[in-house]
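From first to last, the protein sequence lines stand for chains A and B.
The first sequence begins at 1 in my numbering and counts up one residue at a time.
The second sequence begins at 1 in my numbering and counts up one residue at a time.
Think of the hints as simulated: they come from the structure by calculation, not from any bench.
Every value quoted in this text rests on a predicted model; they were computed, and no experiment measured them.
Just so you know, even glycine gets a beta-carbon here, dropped at the ideal spot from N, CA and C.
Heads up, a few of these hints could be off.
[As the list claims (entries may be wrong)] The calculated DSBU-like cross-link candidates involving lysine-lysine, where the alpha carbons are at most 35 angstroms apart (straight line), are: (1) A:K597 x B:K181; (2) A:K678 x A:K410; (3) A:K86 x A:K56; (4) A:K86 x A:K38; (5) A:K410 x A:K426; (6) A:K86 x B:K541.
[Stated by the list, open to error] One side only, chain B facing chain A, incomplete, derived with CB under 8 angstroms: (7) A72; (8) A241; (9) A312.
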Amino acid sequence: MPAMSEANMPEVTIGIDVGGTFIDVVVIDRAGGIRADKVLTTPADLSVGIMQGLEKLLDGGLSEALAQSRIVHATTTATNALLQQKTPRIGLITNRGFRDVLEIRRHARPDVYNHRLELAAPLVPRDLRLEVDGRLDPKGEVLQPLDMTEVEARIAALLAREVASFAVCFLHSYARPQEEQRVAEAIRRMRPDAYVTCSAEVCPEFREYERTSTAVVNAAVMPLVDRYLARLESELADAGYARDLYIMQSSGGMMRSADIRRFPVNIIESGPAAGVVAAATIGRQVGRGNVISFDMGGTTAKAALVHGGRIELSTEYEVGGARHGAQAGGGYGTGYPIRVPFMDVVEVGAGGGSIAWIDEADALRVGPQSAGADPGPVCYGLGGTEPTTTDANLLLGRLSADYFLGGEMKLDLPAVERAMSERIAKPLGLSAEAAAAGIIEVSNALMVRALRRVSIERGRHPADYALIAFGGAGPLVACYLAEELGVPEVIVPPLPGVASAVGLLGSDIRHEFRQAFFGNLVSLDLTAANALLARLADDGRAVVRASGVADADITMQALAELRYVGQAYELRIELPAPMLDAAALAETARRFHAEHKRRYAYDIPDRGIEAVSLKVTATGRVGNPAPPRLAAAGTPPQPKGRRPVHFRGLGRVDCPVYEREQLALDHAFGGPAVIEQKDSTTLLPAGWRLAVDPHRHLLLSRRKSA
Amino acid sequence: MSLRKLAGNAEATVAVDPVMMQVVKNALDSVAEQMAVTLQYTAHSTVIREVLDFATALLDTDGRLITQSAAAPTFVNAMGPTLRFVLEHAAPLNEWQEGDVFLVNDPYLGGSQHLPDLVMFRPIFWRGQLAGIAGCVAHHVDVGGTAPGSYFMTATQIYQEGLRIPPVRLYRRGELQGDIKRLLFANIRLPDYVWGDMEAQMASLRIGEQGLIELLDRWGPATIGANIEALLDYSERLMRAGIRRIPNGRYRFADRLDDDGVSNNPVEIQVDLTVADEEIVADFTGSSTQRAAPINCSVSMTTAVVHYCLVAAIGADIPVNEGCFRPVRIVAPAGTVINAVPPAPVVGRMATLHRTCDVVNGALAQALPERIPAAYYGMSTTTMLSGLGDDGGMRWVLFEIGVGGWGGSSLRDGLESCSAQIHNPANTPIEMIERLHPVRIERYELRPDSGGAGLHRGGLGLERDVRLLTGQGQFTVLADRMRFGPYGLAQGGDGARTEITVNPGAASERRLPSKITGIALAAGDLVRIKTTGGGGWGDPKRRDRAAVRRDLALGKISAAAARDLYGLEE
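Construct the complete structure from the given sequences, taking the supplied hints into account.
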């Protein structure tokens with residue numbers, strides 16, 4: 001049998017990353033030729049902007065190119081629907097006595113000193129949460145059967161209230177999903193076009209609040225995502241696109257649009273996931289399995305960790321809220337928790353547009369207020385009056401007033417000097433230059449904290465990683481962050497400003513199937529565990545095959561969520577074999593002890609270990625295009641100019657400024673220097689050395705003596 | 001101060017400026033946070049991991065709190081005074097050695113609040129010299145004493161409440177002191193469980209140790225030390241600036257606990273708050289004398305409450321450290337319930353803590369009527385259901401904390417059943433409870449009509465039905481607000497009062513008092529717990545009619561309440 005995915009490999013791969021301000025489109029051909037462009041987002045109908053972006057990039061040959069392409073898409077449609085409360089009317093059917101589980105939440109709150117705390121309103125109001133008799137026990141035994149007459153009456157009542165999307169959640173349904181499915185069938189019987197989500201389908205794990213919330217979020221975004229993707233699929237088809245459309249999931253794997261339309265809860269963090277996949281791909285290209293992804297944009301910075309080529313996943317996430325990944329304290333409520341696989345991304349509210357201010361006890365602070373794109377930083381000259389980190393970078397000479405966005409936008413340095421003096425420098429008794437340098441230091445301290453969270457706080461030492469810096473503002477600060485964390489190397493990709501869209505081109509098809517499964521490892525029911533693993537693997541393989549991937553290109557990974565007996569938080573441990581036996585269990589236990597020790601700095605060798613769920617991940621490798629190769633120039637690099645730039649510890653230094661486009665494979669030089677390109681600026685401090693790799697990445701390394 | 005001494009003349013220049021201070025603050029906070037993640041994610045008891053009854057901190061060698069990570073502010077003042085006691089009375093600095101771990105839980109020796117809170121310290125040595133101390137405190141499921149879970153609600157002396165541990169070294173130079181551990185194990189129930197949590201605490205201390213060492217390696221002791229001083233001063237300045245925004249004056253408020261657990265006499269807490277420019281005195285003179293009953297508090301709790309209420313009222317983002325306490329003076333006469341002396345029992349101090357919070361807020365509400373909400377639910381309804389074996393020994397314990405509604409405020413309605421004010425517990429998933437224990441939760445709902453009526457309604461409390469399925473059980477309650485509901489403000493009504501009933505509606509129906517230990521339960525018995533709603537704010541007759549109708553449609557108020565309290569006509 002021929003390798004289908006090879007045969008299936010398109011001439012052109014297209015990545016489309018839809019963000020709040022821009023739609024980034026990247027096209028790469030089999031030879032590695034890459035083109036990228038941005039168009040403004042069209043919020044009313046995103047498919048309009050996407051088609052505009054495609055036409056702009058593929059002008060003249062749109063239908064021809066589409067016929068030979070595969071498209072991977074990252075979208076914020078699902079998240080925006082939730083955050084802008086554009087969700088349709090949702091109904092919930094649950095057990096008698098438990099309709100308020102969704103509203104009661106978990107009690108703990110995220111911000112303890114705030115008397116004015118506001119919580120996100122439940123997505124289903126109380127009068128659309130209806131109860132029925134029927135109860136399961138933790139083993140899935142039916143204690144009290146459903147009364148289908150009562151069920152149908154409740155469905156009819158919700159239909160009469162014009163409910164468009166239903167969620168069904170019963171206590172302990174992870175142990176017996178059939179009861180929820182009976183209700184779903186009844187809904188479909190009574191209203192064939194209704195949207196239905198069963199909790200055990202989207203989250204077959206225990207913890208009723210989190211499972212209910214996951215189901216409700218899925219139900220909330222399903223109609224919108226379904227309609228959006230259906231329209232996009234049909235517009236692409238009309239324009240000549242012939243393959244399945246793929247969507248980036250929060251886990252970093254892509255999934256067919258048709259599957260996403262049923263389980264849209266999986267694409268909540270689609271865009272940020274693409275950025276982390278980009279970092280992993282870049283790491284692979286330069287031969288680094290261990291990388292930290294650092295994406296700094298206008299309002300936020302995001303950090304994530306890739307270890308041994310694998311992206312670290314988490315299942316704790318709150319859409320629009322405070323809680324994401326393992327963190328101290330508790331408290332959902334400012335957003336909507338969901339439990340599906342997520343990239344373990346830590347985000348801080350500080351970016352290029354973050355506003356600097358002085359608090360009432362005379363401390364310099366940066367963010368979380370952002371000047372956004374409008375009015376933007378002072379230097380944009382669009383009415384911004386409060387200095388931002390971008391303004392500080394301009395004042396320090398790190399950004400050029402004449403070469404922002406490749407010179408498309410002139411920056412107003414005198415205005416920045418005035419604002420910096422009046423707002424920050426004078427009140428603190430500093431020079432404008434010292435104030436600007438201070439703003440960068442404070443902003444960097446926030447970034448360092450985010451980077452520590454994904455590394456040191458997860459038991460990973462930054463010295464073992466390379467920092468991949470992208471986003472418009474990332475390459476400007478990356479070397480200083482690396483110095484704080486002891487990271488020896490910084491890598492800047494060719495197109496830092498559209499790196500997330502490029503990341504889409506490097507992704508695999510991935511599906512995760514999981515099921516609650518309880519038992520102590522020493523007395524685990526191996527027959528039952530293996531039967532479950534086999535079923536999950538069959539499901540996984542079948543769905544990846546359905547995407548047209550050959551068996552040879554499918555890899556399976558079996559995992560378990562494990563904890564010490566008595567603990568409440570689990571670690572995700574890869575099983576050593578697809579099926580378990582005594583030896584595999586012993587190895588699994590060893591891996592758990594080791595991971596616990598790595599992550600929390602201790603283990604308890606004589607304590608029992610229990611499983612709470614089993615998972616299988618099916619990954620389909622698709623033929624991804626090789627990146628373009630760069631040639632040697634044969635001549636030394638020529639700076640395009642020189643200017644005085646402020647470097648930490650040195651003050652103003654007259655340093656060379658290079659044009660990124662003109663750097664070649666054999667170019668290398670030491671800092672201090674500045675490298676400019678249209679979508680970003682890279683700062684190379686003293687003590688750092690720059691080299692260029694064949695795939696056009698900048699490799700910045702720290703000299704040992706520095 | 002020690003870090004400066006440590007630095008000697010090695011560092012010629014010390015960077016202290018508004019920038020470096022933020023850098024050091026973020027780094028220190030990050031260490032405390034990482035300590036907390038370790039403790040929370042590896043702990044065994046629901047009390048730590050779900051109820052979040054713990055805190056982690058870095059302290060200096062003078063026993064001053066430098067940074068803390070805590071989901072609940074209850075412990076804000078637990079570690080500093082305890083460490084200072086250890087240094088002054090048990091082990092002066094020169095006796096601390098690398099690898100030591102100190103353990104202490106005696107509330108009368110510093111800042112611990114009651115015996116189940118085990119405080120631990122570990123010295124941090126940098127290049128052979130003591131540079132700081134990592135500390136943590138966590139609530140454990142049992143420390144011995146008369147009642148399972150060490151919640152003996154009719155205790156008359158602290159000796160009945162469990163093992164009282166003065167500062168002892170659990171580890172000496174990295175060596176576990178087996179005799180201490182054996183003494184501990186012989187006196188507590190579920191020792192393996194407790195040890196699991198103690199291991200999590202010790203792991204978090206090691207994380208703190210590594211974290212501070214890395215910081216000292218990076219910046220040197222002089223810079224870290226000087227910036228710590230700057231941070232303490234910074235918090236003090238923020239507090240002073242905040243207090244300045246409270247109008248000068250004297251504000252008095254009083255409220256009561258239902259009873260003390262032993263006698264039915266209400267317990268009076270009162271405060272006289274004097275705001276003078278940027279300083280504040282909270283005088284609790286006139287509060288009830290201490291009781292031979294477990295609702296007494298050590299003064300560190302009272303301090304924690306005043307601190308919490310002030311910071312929340314000021315509404316500023318103030319780093320929690322020793323500097324916060326400088327502009328605040330507490331007058332708490334010894335021998336009263338808010339500053340008890342031995343041998344008064346203290347395990348139920350949470351009731352007094354909550355009521356103290358109510359009175360401080362009540363006084364602040366007179367100064368800042370726009371900022372301070374009406375009373376919240378006013379007491380965490382703490383229940384413990386333990387399963388007994390044939391020998392009468394405890395086999396399992398289900399420790400639960402019920403919360404209720406927030407008070408309405410000048411801005412909006414109170415939140416429905418959400419943790420409030422000085423503590424921040426979470427509930428435990430029903431699916432976890434039913435898997436671990438032979439109980440079934442039969443109902444878990446918002447309690448209609450429980451929020452105090454008002455222009456802005458108080459948030460709703462909860463109703464929960466718990467049935468024991470097999471075996472014999474014992475049920476213990478630490479609750480309050482059964483006699484005096486959470487107060488409304490500005491003509492708002494009071495929140496509904498707590499009710500706890502065994503077998504409601506059956507011949508064997510029994511209403512329980514707010515504090516009781518060891519009610520025998522048989523298989524099939526059901527306990528119904530109804531928690532309080534928040535007080536209302538403003539005249540309910542002026543409430544937006546659409547809001548009244550929406551509450552009615554959602555079943556949050558009854559038709560009778562809509563008509564009688566809100567005057568809804570139709």
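So which hints don't hold here, by number, going up?
Hint check: nothing fails, all pass.
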